Amino acid sequence: MDLLFFINSCMLGVGLAMDAFSVSIADGLSDPVMKKHRMIGIAGTFALFQFMMPMIGWLCIHKIAERFEAFRVFIPWIALALLAYIGIGMIREGIAEKKKGTDKDAGPGAESDTGTDYKNRKGKLSIKNLMIQGIATSIDAMSVGFAIAEYQVVEALACSLIIFALTFVICIAGLIFGKRFGEKLAENATIGGGIILIAIGLEILIKALI
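The working numbering puts the first residue of the sequence shown at 1, with every later residue one more than the last.
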């Protein structure tokens, strides 16, 4: 483990964290009043999955290489399906919220409180959806097992830990970025976040096909 090993691990970490970074922006958009402990939990979840997947890939290469190679073809399709599932749900939720706000405004003498309702909402991202996002944004990292197949177990662990740390920092930055824009976009943020998730899934698939 020398300087080149560290640089290569950092490059892998940054590259693998880009999908999680984009999803973090979407999560920040959908919850602009997200608390710090929740941000740490979300970033930590993404980072944990990014740590585990390369190690799982490394183990697959050394134990069940042929089966893993066959499964690899389905990875981008799985990522698209998972992100589209969450994205469509967010879009539907956003449309329902906008409709609810419109109905309130339509009443005689009614005042719009959509912005207030939006700021008071907490815990928009459920644990279930967070887990799905974590899997979807990290499943392609299993393929890194091929790139680090020649590493010893200690080296593979060290590389995965570097990926974990970089993913955590990058996702925190994504959440902060998304929160700031979410405060400005207000009721349209949930719809925007859902669209971003679907776009990320399509990007993963197209990149794999090309």
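Be careful, since some hints might not be right.
[Claimed, not checked] Derived DSBU-like pairs (lysine-lysine); straight-line CA-CA distance at most 35 angstroms: (1) Lys100 - Lys36; (2) Lys36 - Lys207; (3) Lys35 - Lys98; (4) Lys100 - Lys128; (5) Lys100 - Lys35; (6) Lys207 - Lys128; (7) Lys99 - Lys35; (8) Lys98 - Lys207; (9) Lys128 - Lys98; (10) Lys207 - Lys100; (11) Lys35 - Lys207; (12) Lys36 - Lys98; (13) Lys128 - Lys35; (14) Lys128 - Lys99; (15) Lys36 - Lys99.
Honestly, the hints are just simulated from the structure, not real lab data. Nothing here was measured: the structure is a model prediction, and the numbers come from that model.
Now the hints, each set against the structure:
no.	hint	in the structure
1	Lys100 - Lys36	29 angstroms, holds
2	Lys36 - Lys207	33 angstroms, holds
3	Lys35 - Lys98	24 angstroms, holds
4	Lys100 - Lys128	25 angstroms, holds
5	Lys100 - Lys35	26 angstroms, holds
6	Lys207 - Lys128	27 angstroms, holds
7	Lys99 - Lys35	27 angstroms, holds
8	Lys98 - Lys207	34 angstroms, holds
9	Lys128 - Lys98	24 angstroms, holds
10	Lys207 - Lys100	38 angstroms, violated
11	Lys35 - Lys207	34 angstroms, holds
12	Lys36 - Lys98	27 angstroms, holds
13	Lys128 - Lys35	19 angstroms, holds
14	Lys128 - Lys99	26 angstroms, holds
15	Lys36 - Lys99	30 angstroms, holds
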